[in-house]
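Line order of the protein sequences matches chains A and B. Per this note's numbering, numbering of the first sequence is gapless, rising by one per residue and ending at 728. Per this note's numbering, numbering of the second sequence is gapless, rising by one per residue and ending at 153.
Simulated from the structure, these hints should not be mistaken for lab results. Among the clues, some could well be false.
Below 20 Å or equal to it, Euclidean Cα-Cα: the simulated SDA-like pairs (lysine to any residue) are [said to hold, decoys possible]: (1) B:Lys114 to A:Ala674; (2) A:Lys249 to B:Glu16; (3) A:Lys90 to B:Ala90; (4) B:Lys87 to A:Ser215; (5) A:Lys241 to A:Ser295; (6) A:Lys257 to B:Gln14; (7) B:Lys87 to A:Pro202; (8) B:Lys115 to A:Ala674; (9) A:Lys204 to B:Asp80; (10) A:Lys204 to B:Ala141; (11) A:Lys678 to B:His144; (12) A:Lys614 to B:Asp124; (13) A:Lys614 to B:Asp120; (14) A:Lys201 to B:Ala90; (15) A:Lys614 to B:Ala121; (16) A:Lys678 to B:Asp120; (17) A:Lys614 to B:Ala126; (18) A:Lys89 to B:Ala90; (19) A:Lys332 to A:Asp453; (20) A:Lys678 to B:Ala121.
Here are the chains, one letter per residue:
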Amino acid sequence: MTTTTTNLSRRKFIVGSAAAGGGLALGIPFPFGVGEAAAQGTPGVEINAWVVVRPDDTCVVRIARSEMGQGTLTGLAQLVAEELECDWKKIATEHVFPGQNLAHKRVWGEMATGGSRGIRTSQDYVRRGGAAARIMLVQAAADQWKVPAAELTVSDGVITHTTSGRKITYGKVAEAAAKLTPPDPKSIQLKDPKNWKVAGKPMKRLDTADKLNGSKMYAIDVKLPGMLLAAVKRCPVHGGKLTSYDEAKVSSMPGVKRVVKVHDDAVAVVADTWWRAKTALDALPIAWDEGAGGSQSSATIAERLKEGLTAGDVFADTNIGDAPKAIAGAAKKIEAVYSTPFLAHATMEPMNCTALVNEGKVEVWTATQSAEGSLAAACEEAGVPLANGEVHKLDLGGGFGRRGGTQDYTRQAVAIAKQFPGTPVKLIWSREEDQAHDFYRPISQCKMSAGLDQNGKLVGLHIRVSGQSINAQLNPGAIKEGKDSRQLQGLWKEPGDAQFGYSVPNLQIEYAMRNTHVRVGPWRGVNTNQNGVYLECFMEEAARAAGADSLEFRRSMMQGYPKHLAVLNAVAEKAGWGKPLPAGVHRGIAQFMGYGSYSAAVAEVSVSKEGKVKVHRMVLGVNCGHVVNPDQVAAQVEGSAAYGLSAVFYGEMSVERGRMVELNFHNYQILRLAEMPKVETVLVPTYDFWGGVGEPTICVVAPSVMNAIYAATGKPVRSLPLKNVKLV
Amino acid sequence: MAKLNINGATRDVQVEDSTPLLWVIREQVGLIGTKYGCGVAQCGACSVHLNGEVVRSCSILVSSIKPTDKIVTIEGLSRDSSHPVQKAWAALDVPQCGYCQSGQIMAATALLAKKPQPTDADIDAAMTNICRCGTYQRIRAAVHMAADMSKKA
Numbered sequence: 001m002t003t004t005t006t007n008l009s010r011r012k013f014i015v016g017s018a019a020a021g022g023g024l025a026l027g028i029p030f031p032f033g034v035g036e037a038a039a040q041g042t043p044g045v046e047i048n049a050w051v052v053v054r055p056d057d058t059c060v061v062r063i064a065r066s067e068m069g070q071g072t073l074t075g076l077a078q079l080v081a082e083e084l085e086c087d088w089k090k091i092a093t094e095h096v097f098p099g100q101n102l103a104h105k106r107v108w109g110e111m112a113t114g115g116s117r118g119i120r121t122s123q124d125y126v127r128r129g130g131a132a133a134r135i136m137l138v139q140a141a142a143d144q145w146k147v148p149a150a151e152l153t154v155s156d157g158v159i160t161h162t163t164s165g166r167k168i169t170y171g172k173v174a175e176a177a178a179k180l181t182p183p184d185p186k187s188i189q190l191k192d193p194k195n196w197k198v199a200g201k202p203m204k205r206l207d208t209a210d211k212l213n214g215s216k217m218y219a220i221d222v223k224l225p226g227m228l229l230a231a232v233k234r235c236p237v238h239g240g241k242l243t244s245y246d247e248a249k250v251s252s253m254p255g256v257k258r259v260v261k262v263h264d265d266a267v268a269v270v271a272d273t274w275w276r277a278k279t280a281l282d283a284l285p286i287a288w289d290e291g292a293g294g295s296q297s298s299a300t301i302a303e304r305l306k307e308g309l310t311a312g313d314v315f316a317d318t319n320i321g322d323a324p325k326a327i328a329g330a331a332k333k334i335e336a337v338y339s340t341p342f343l344a345h346a347t348m349e350p351m352n353c354t355a356l357v358n359e360g361k362v363e364v365w366t367a368t369q370s371a372e373g374s375l376a377a378a379c380e381e382a383g384v385p386l387a388n389g390e391v392h393k394l395d396l397g398g399g400f401g402r403r404g405g406t407q408d409y410t411r412q413a414v415a416i417a418k419q420f421p422g423t424p425v426k427l428i429w430s431r432e433e434d435q436a437h438d439f440y441r442p443i444s445q446c447k448m449s450a451g452l453d454q455n456g457k458l459v460g461l462h463i464r465v466s467g468q469s470i471n472a473q474l475n476p477g478a479i480k481e482g483k484d485s486r487q488l489q490g491l492w493k494e495p496g497d498a499q500f501g502y503s504v505p506n507l508q509i510e511y512a513m514r515n516t517h518v519r520v521g522p523w524r525g526v527n528t529n530q531n532g533v534y535l536e537c538f539m540e541e542a543a544r545a546a547g548a549d550s551l552e553f554r555r556s557m558m559q560g561y562p563k564h565l566a567v568l569n570a571v572a573e574k575a576g577w578g579k580p581l582p583a584g585v586h587r588g589i590a591q592f593m594g595y596g597s598y599s600a601a602v603a604e605v606s607v608s609k610e611g612k613v614k615v616h617r618m619v620l621g622v623n624c625g626h627v628v629n630p631d632q633v634a635a636q637v638e639g640s641a642a643y644g645l646s647a648v649f650y651g652e653m654s655v656e657r658g659r660m661v662e663l664n665f666h667n668y669q670i671l672r673l674a675e676m677p678k679v680e681t682v683l684v685p686t687y688d689f690w691g692g693v694g695e696p697t698i699c700v701v702a703p704s705v706m707n708a709i710y711a712a713t714g715k716p717v718r719s720l721p722l723k724n725v726k727l728v
Numbered sequence: 001m002a003k004l005n006i007n008g009a010t011r012d013v014q015v016e017d018s019t020p021l022l023w024v025i026r027e028q029v030g031l032i033g034t035k036y037g038c039g040v041a042q043c044g045a046c047s048v049h050l051n052g053e054v055v056r057s058c059s060i061l062v063s064s065i066k067p068t069d070k071i072v073t074i075e076g077l078s079r080d081s082s083h084p085v086q087k088a089w090a091a092l093d094v095p096q097c098g099y100c101q102s103g104q105i106m107a108a109t110a111l112l113a114k115k116p117q118p119t120d121a122d123i124d125a126a127m128t129n130i131c132r133c134g135t136y137q138r139i140r141a142a143v144h145m146a147a148d149m150s151k152k153a
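Extracted from the complex, chain A is given alone in its bound form:
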């Protein structure tokens, strides 16, 4: 087990040696050998898998999920601490590595961190872990004092026997507690959230201090003795291959060690520094076989998607009544076609991984949302059994879905390091490589048709999504009989996760799969983003066609969906829906569901005479069931607004000659501080379920802003990003 103590001293070694000697090897034994981490030990006692208690009463909580800024580390620690009844001021955390998890029969459970599941799918067993440790610590005190455990109380890590006035701290009974038989987790009664003292409170994050002084080590900062650096270039057309390169042209450049082939589609320069590796890579003549993708462009892809809007090869995911017939016979018919582009994740820390392959073992140091996926990828690439690998997890400089199961960067790093046995190699992607080889948010279009009766009631709704499938690329097994419901996320009829929230008597929802040569994957919020735009912008068009108020039109169809409705009502109230606004400012509203949570938004927007959009204020509401840290939920909501607004204003990865076009932030612009609206977060937890937090609110950002623009200009916005749309 690695510990905070071990990690800290290691980090000091790595950072300190780098600062002192330019990263020269200092003759210190190679850190983190497979199996060595556990032996390094800590002056603490393991009570169970989740809790280690040190003699100074520090309680170390083990964290299996990945921290990428979303606050899961602090939230999970709060849940464990709540049941443990320890002193929050004496909390520390340590990461679990996937090789350790495997060696311990996956006692720490699922490590993957995506789909906003970090807390909601581990809350039960981590709380039981904290409670079990508390029960054992209290029992140890009872044994020592020879009194029944029932006579003892515990608070802030101090066990008290009120009758006799005796007190003892966790650190003093930890040794004895660790020897006791753990209670059956199922027998443990967890606290009612109403009685929470640490969980549910706006505790400060546990991982802030070293982000303020430059001392936090990300994967890109890892420095190991004798390490070499690699810069890589993969065929710029996805699916293309490496034909040849001319190593002689760069082999005498400063610092260059070797040029190596990486798989069948990439080439890397390995040098003594990354800047030298990149400089040589830029000078390296490379020939590519672009393959079939080389002829594709944004225009050819748009044509293919457009064909899918009316094609016959679709499946109806929801088919209630007869929507086409109801629409055909309606008093008023409306129709609109929407489109959304490919989007890159653009994590601030570019993809990178350090790998060491030696004597049948592989180790990687990487930022990953899927530590076990990284382990599998590294071992498969190195050709060694899982037991001979380890992944040293470092906190991520952004994830957003990019660093999940695909692990392409980990595979590349191991493929390179394999060619330098015994020498650690750190691979860093340039920003251009990162933009060119993402797994992008899938491109799609949507045809919406609706019929209104004479009273303006929606009698029929037909939704046809046409676009690329994530599952087709990453998880083909999830496509059953050609049906890929993932692309209809947020439009599902099943309750609980991403449910469509309106009652419409005639409703048809269908998806036509139209894939491209471009790789796609989950992008924060995934398909709720596009589907939220399609449904909620069209609801606005329908409301206006009906002559109805945007809020009232929605409410009239939401009586069967009380949780969706409650969040919508909460944001409407907070935003002052219907009340006067300053001249030129207009409101838009939207609601949607994803990741088990219910979200809604009101945006206040003005559009200048020149067509420039300013978002002044956003009220964002979420019912995520349980709130573990309200300040961190607010932080996620604020961040979701920024991530969503970048997509509204600027986000687009276009394709020319098969290549991705927007390769750096000059043409893949990201929202800046000056454009950030005032965000007000409305939390309306109902404490009868556990929903996600990191992703659910993004999907209402774009439609609420687009609907406000519609209110301002009188014209609907039907495609993103706004940089391509002439508003006036």
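Knowing the structure of chain A, use the given hints to seat chain B on it.
Chain B alone, transformed into the frame defined by chain A:
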């Protein structure tokens, strides 16, 4: 070969003249708090102070730096994270992933050195670094808080 004054200490580094200051700081000097984000002076993750001005070190060649130039990185901002900007950042839990925050803090400290009581418009103009986690609302509040702390101090 270059002679650099970084955080008050003079260092000799063996690099090609065309090496950006960012990579000298990271790879030769070994200070990791200054980050690579884009390499084209867009994102500001590499921000450092050069003679008191905030600059994007990814786009400054080491050959353009004189031995008398004073470079300050995030590591040299304060001994114990005691700069009002660092304290305000902590008080408001500004960072999420944290990767851009060295640059954000260097931009904010340079702003406050020039304008101890900045307006929102001053903050808009000065704080142009990208944060992909979207911590902008807290950055704005923390800059104001740091300004207040300095006024009271």
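Hints, verified against the model:
Only pairs whose Cα atoms come within 20 Å are accepted, and B:Lys114 paired with A:Ala674 is accepted, the gap being roughly 19 Å. Annotation: proposed proximity of A:Lys249 to B:Glu16 holds, straight-line Cα distance about 18 Å (limit 20 Å). For the hint pairing A:Lys90 with B:Ala90, the CA-to-CA distance comes to about 18 Å; that is within 20 Å, so the pair holds. As the CA atoms of B:Lys87 and A:Ser215 are separated by approximately 16 Å, the hinted pair is consistent with the 20 Å bound.
At roughly 15 Å between alpha-carbon atoms, A:Lys241 and A:Ser295 fall within 20 Å of each other, so this suggested pair holds. This hinted pair checks out: A:Lys257 and B:Gln14 have alpha carbons roughly 18 Å apart, not beyond 20 Å. Our distance criterion of 20 Å between C-alpha atoms is met by B:Lys87 and A:Pro202, whose separation comes to about 18 Å. Between B:Lys115 and A:Ala674 the alpha-carbon distance is near 17 Å, which keeps this suggested pair within the 20 Å criterion.
A threshold of 20 Å between alpha carbons decides the hint, and for A:Lys204 with B:Asp80 the separation of about 19 Å falls inside it, so the pair holds. Under the criterion of a C-alpha separation no larger than 20 Å, the hint pairing A:Lys204 with B:Ala141 is consistent with the structure, at around 16 Å. Proximity of A:Lys678 to B:His144 is assessed by CA-CA distance (about 15 Å); at most 20 Å being required, the pair is judged to hold. Between A:Lys614 and B:Asp124 the alpha-carbon distance is near 14 Å, which keeps this suggested pair within the 20 Å criterion.
Simply put, A:Lys614 and B:Asp120 have alpha-carbon atoms about 15 Å apart, close enough for the 20 Å limit, and the pair holds. The straight-line distance between the Cα atoms of A:Lys201 and B:Ala90 is roughly 17 Å, inside the 20 Å bound, and the hint therefore holds. Of the supplied pair hints, the one linking A:Lys614 and B:Ala121 holds, its CA atoms being roughly 15 Å apart against a limit of 20 Å. For the given pair, A:Lys678 sits about 12 Å from B:Asp120 by alpha-carbon distance, which is consistent with the 20 Å threshold.
Simply put, A:Lys614 and B:Ala126 have alpha-carbon atoms about 19 Å apart, close enough for the 20 Å limit, and the pair holds. With a CA separation close to 16 Å, the supplied pair A:Lys89 and B:Ala90 stays within the 20 Å bound. Distance hint between A:Lys332 and A:Asp453 is fulfilled; the C-alpha atoms sit about 6 Å from each other, no more than 20 Å. Straight-line distance between C-alpha atoms of A:Lys678 and B:Ala121 comes to about 14 Å, which keeps the hinted pair within the 20 Å bound.
In the structure shown, no violation is registered for any of the earlier numbered hints.
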